[in-house]
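Student: Using the sequences provided together with the hints, build the complete structure.
Sequential numbering of the sequence shown, starting at 5, is according to this note's numbering.
Since the hints were derived computationally from the structure, they do not count as laboratory data. Errors might be hidden in some of the hints.
Taking lysine-lysine and the DSS-like style, the derived pairs with C-alpha atoms no more than 25 Å apart in a straight line are [said to hold, decoys possible]:
#1 Lys130 to Lys32
#2 Lys30 to Lys57
#3 Lys119 to Lys69
#4 Lys119 to Lys130
#5 Lys130 to Lys57
#6 Lys69 to Lys32
#7 Lys30 to Lys72
#8 Lys100 to Lys32
#9 Lys100 to Lys30
#10 Lys119 to Lys72
#11 Lys130 to Lys100
#12 Lys32 to Lys15
#13 Lys72 to Lys15
All of these numbers come straight from a predicted model, not from anything done at the bench.
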Amino acid sequence: MTSPIKKSPIKNEIGGVFVPVRDLEKAKEWYSRILGIEGGEICFGHLYAAPMKGTAGLMLDTMPKWRKEDGDIPTYQAPSIQFITNDIEASYQFMKENNVELMTEIEDDFYFVIKDLDGNCLMICKETT
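Tutor: This is the structure:
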């Protein structure tokens with residue numbers, strides 16, 4: 005006889021996305037400029053909770069508990085975070101005008117990849133409706 009499958013107490017919902025950063029103030033300024041973020045708060049001295057639309061929050065974190073022995077932190081070498089745009093061409097041009105490091109051109113008329121100040125790869129993707 006098999007026992008019934010217990011329902012998970014964990015919600016099927018993303019509460020936040022953490023991005024490793026080396027300098028919290030510089031990262032906060034960069035992300036605020038690139039994403040048009042206003043407000044937010046610094047928590048625990050190492051975490052910036054950026055107000056975002058949608059369900060998931062963006063957390064810039066100096067990650068003191070996750071640093072390597074030399075004090076550095078790993079960065080996302082493959083895009084694992086996707087930001088949405090209604091105008092892929094204007095978004096690409098905006099990144100160029102703001103001297104953001106571009107990893108790709110616009111691919112498939114749908115997305116491109118950039119690097120933040122810490123070398124994390126981020127994807128900008130056309131919103132699908």
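Student: Give a verdict on every hint.
Tutor: Verification of the supplied hints:
no.: 1; hint: Lys130 to Lys32; result: holds, 24 Å
no.: 2; hint: Lys30 to Lys57; result: holds, 22 Å
no.: 3; hint: Lys119 to Lys69; result: holds, 23 Å
no.: 4; hint: Lys119 to Lys130; result: holds, 18 Å
no.: 5; hint: Lys130 to Lys57; result: holds, 16 Å
no.: 6; hint: Lys69 to Lys32; result: holds, 20 Å
no.: 7; hint: Lys30 to Lys72; result: holds, 21 Å
no.: 8; hint: Lys100 to Lys32; result: holds, 19 Å
no.: 9; hint: Lys100 to Lys30; result: holds, 19 Å
no.: 10; hint: Lys119 to Lys72; result: holds, 21 Å
no.: 11; hint: Lys130 to Lys100; result: holds, 17 Å
no.: 12; hint: Lys32 to Lys15; result: violated, 28 Å
no.: 13; hint: Lys72 to Lys15; result: violated, 31 Å
Violated hints, in rising order: 12 and 13; the structure is consistent with all others.
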